[in-house]
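Engineer: If you want the building blocks of each chain, they are given just below.
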Amino acid sequence: MTTGQLTPWVIGADLGQVVLFLIGAPLLVGLMRSIRCRMEGRIGPPVTQPWKDLRKLVAKQRTQPVQSTIFFASAPVVLVASTIVAVWLTPLLSTQVSLVGGSDLFAVVFLLLLGSVSMSLAALDTATAFGGMGSSRLMTIVALAEPALLVAILALAAPLHSSSLSSIVVASLHHPVWLATPQRLLSFGAFVIVILAESGRLPVDNPATHLELTMIHEALILEYSGPDLALVNLGENLRLTFMLALLSNLFFPWGIATGTGGWSLPIALVSLIGKVAVLGALVSVGEVGVAKLRLFRVPELMAGAFMLSILAVLSALVIA
Amino acid sequence: MRSDSLTSALLALSSGTVLVGAAVALWRRTARGIVRAMQLQGVALAATALVLGLQLHIALLLVTASLMVAVKVVVIPLLLQRLVALDPSNAESDPVVNVPASLVAVVVLTLVAFYATRPLVRAVSGVPVTLAPFGLATVLIGFFILVARRKVVSQMVGLLLIDNGIALVALLLTTGVPLLVELGGTLDVLLVVVVLRVLATRLHAELGVLDLDALKELHD
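Chains W and A are the protein sequences, given in the same order. Our numbering puts the first residue of the first sequence at 23, with every later residue one more than the last. Our numbering puts the first residue of the second sequence at 24, with every later residue one more than the last.
The reader is advised that the hints may include incorrect statements.
To spell it out: a stretch of chain A is covered by chain W in this simulated footprint if at least three of its residues, at any positions, have a beta carbon under 8 Å from a beta carbon of chain W; those stretches are [unchecked claim]:
| id | stretch |
| --- | --- |
| 1 | 67 to 78 |
| 2 | 92 to 105 |
| 3 | 177 to 191 |
Partial list, derived from the structure: chain A residues whose beta carbon lies under 7 Å from chain W [what the hints assert, rightly or not]:
| id | residue |
| --- | --- |
| 4 | 32 |
| 5 | 35 |
| 6 | 39 |
| 7 | 133 |
| 8 | 137 |
Far from chain A by the CB rule (all over 10 Å, computed), these chain W residues [as the list claims (entries may be wrong)]:
| id | residue |
| --- | --- |
| 9 | 89 |
| 10 | 228 |
| 11 | 269 |
| 12 | 276 |
| 13 | 286 |
| 14 | 291 |
| 15 | 295 |
Please keep in mind that the hints were generated in silico from the structure rather than gathered at the bench. C-beta atoms are modelled at their ideal positions from N, C-alpha and C, and glycine is treated no differently.
Can you build the whole structure from these sequences, using the hints too?
Structural biologist: Now the structure itself:
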């Protein structure tokens with residue numbers, strides 16, 4: 023398992039997964055958009071469209087609201103950086119990670135929270151009505167979603183008496199019958215709801231609209247432009263891809279590299295890309311048939327996710 | 024050993040689904056959704072009886088399982104769905120305890136059930152007994168629905184959840200009661216549902232709603 027020696031192989035695997043995510047995250051979002059368009063009978067933009075948008079935005083001028091402070095300027099960087107660190111810490115390609123102490127579910131969840139909080143502070147910093155509204159909505163959802171995420175992973179960690187993500191992944195790799203236990207199914211359900219809420223997908227938020235009555239995520243980033251907007255979009259894409267990858271590795275860890283063999287890394291690479299692409303496709307297929315939930319119903323959904331995750335922990339304790 | 028651990032996992036899965044069915048009944052707002060949650064619970068309960076019967080080679084439990092499918096998955100949900108069809112707009116629009124608070128209550132009730140059955144689980148060994156908290160939690164959630172929901176359909180579902188929870192505890196602790204008792208209990212529940220349905224139909228005919236809050240004063 024995790025022995026913690028910093029061999030070039032381990033560092034290479036970690037670096038590889040960061041590079042893979044930076045390149046792949048916009049492509050995943052492009053894939054999800056084009057699947058949705060096809061399902062709705064439209065042709066839609068090509069899969070590489072998010073990359074083209076990013077390139078266009080980087081070339082544009084940066085604007086900043088008058089009197090906005092360091093919070094506004096730093097939030098996109100914090101968002102992208104915290105997600106990259108989370109990707110680095112998490113065993114996505116190989117169960118051996120370079121920072122053994124950091125590969126911890128609490129660390130990863132708090133890194134995700136750091137990104138949300140920085141975006142929310144930046145929206146408040148712009149002092150616009152939409153910024154404050156979006157920030158308040160985001161915090162309402164995050165305050166309910168993050169505990170659910172934490173507790174859902176805790177249900178997998180409780181039987182192992184360890185919060186290390188790589189030991190959770192190794193344990194689920196060795197116990198295929200675990201896939202059908204109540205705690206795993208409940209925690210899977212909670213996890214899926216949290217991912218949809220955190221990444222601003224339907225039924226919590228509609229990523230395709232700018233309707234002021236309903237928007238959450240779009241309200242936060244109204245004031246961003248140029249390279250800052252590119253960073254924010256990249257960060258949001260990274261978060262979605264990271265959470266789908268975390269879901270796939272915690273619940274379906276097949277294919278992840280456990281040793282340092284020659285072929286294990288390419289196999290892990292292909293299986294990770296395949297699993298994340300399939301999960302992303304399922305999310306966008308599911309979105310076609312779903313309407314956005316009323317904003318006041320969102321806490322019900324989130325409370326449901328929280329309940330599922332607590333029930334998962336309790337059944338882990340009952341059965342263990 | 025391998026198949027034993029598999030059946031234990033299946034048993035945990037099905038009895039866990041009974042509890043999830045109860046939680047979903049509290050989560051949903053539409054009467055149709057609540058009845059469907061109860062139907063899911065009936066399926067899970069029958070599956071528990073089936074797995075337990077196959078694991079311990081008790082043929083009687085297979086009879087119990089088919090009885091449960093007939094009554095709790097087919098007949099009672101059908102009766103309730105027809106009641107729902109009387110008043111299609113019959114959703115829990117304004118429950119006594121709102122949905123997020125109810126879900127927190129589910130968590131608390133499950134914790135209570137978990138700690139209350141702890142001495143029992145410690146005293147008796149065996150996988151089925153360790154799952155008894157799921158049954159007790161279902162009973163408690165059923166009582167909670169009776170308190171916190173005012174629509175007729177929700178009230179009946181709450182009653183049925185209590186019965187399902189008791190049936191689950193009985194299954195897990197004693198590997199099933201004698202067939203005569205099981206038959207009596209199940210038919211009793213069916214009878215109760217039929218009587219309540221008649222009462223509810225009368226209520227609808229008199230007041231035009233399926234809401235217990237409409238029953239505030241006495242009439243001659």
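Engineer: Next step is simple, just say for each hint if it's right about the structure.
Structural biologist: Quick rundown of the hints versus the structure:
By the rule of at least three residues with a Cβ nearer than 8 Å to a Cβ of chain W, the coverage given for the stretch 67 to 78 of chain A is violated, with 0 such residues. Given as covered by chain W, the stretch 92 to 105 of chain A fails the check, having 0 residues with a CB less than 8 Å from a CB of that chain where 3 are the minimum. Check on the stretch 177 to 191 of chain A: 0 of its residues sit with their Cβ under 8 Å from a Cβ of chain W, so the three-residue criterion for coverage is violated. A cut of 7 Å between beta carbons decides the hint on residue 32(A): the least distance to chain W is about 5 Å, and the hint holds.
Checking residue 35(A) against chain W by beta carbon gives a least distance of about 5 Å; that is within 7 Å, so the hint holds. Given hint, residue 39(A) at the interface with chain W, holds; its Cβ is 3 Å from that chain's nearest Cβ, closer than 7 Å. Taking 7 Å as the C-beta cut-off, the interface hint given for residue 133(A) holds, the closest approach to chain W being about 5 Å. Because the closest C-beta pair between residue 137(A) and chain W is about 6 Å apart, less than 7 Å, the hint holds.
With a least CB separation of 38 Å from chain A, residue 89(W) remains clear of the 10 Å interface cut-off, as annotated. At roughly 22 Å from the closest C-beta of chain A, the C-beta of residue 228(W) stays outside 10 Å, upholding its exclusion from the interface. Every CB of chain A is more than 10 Å from the CB of residue 269(W) (nearest about 19 Å), matching its label as outside the interface. The Cβ of residue 276(W) lies farther than 10 Å from every Cβ of chain A, with a closest approach of about 19 Å, so its non-interface assignment holds.
Every C-beta of chain A lies more than 10 Å from that of residue 286(W), the closest at about 28 Å, which supports listing it as non-interface. Remark: the non-interface label on residue 291(W) is consistent with the geometry, its nearest Cβ contact in chain A lying 32 Å away (cut-off 10 Å). Against chain A, the non-interface label of residue 295(W) holds: every CB pair exceeds 10 Å, the least being about 31 Å.
Consistency with the previously given hints fails for numbers 1, 2, 3, ordered from lowest to highest.
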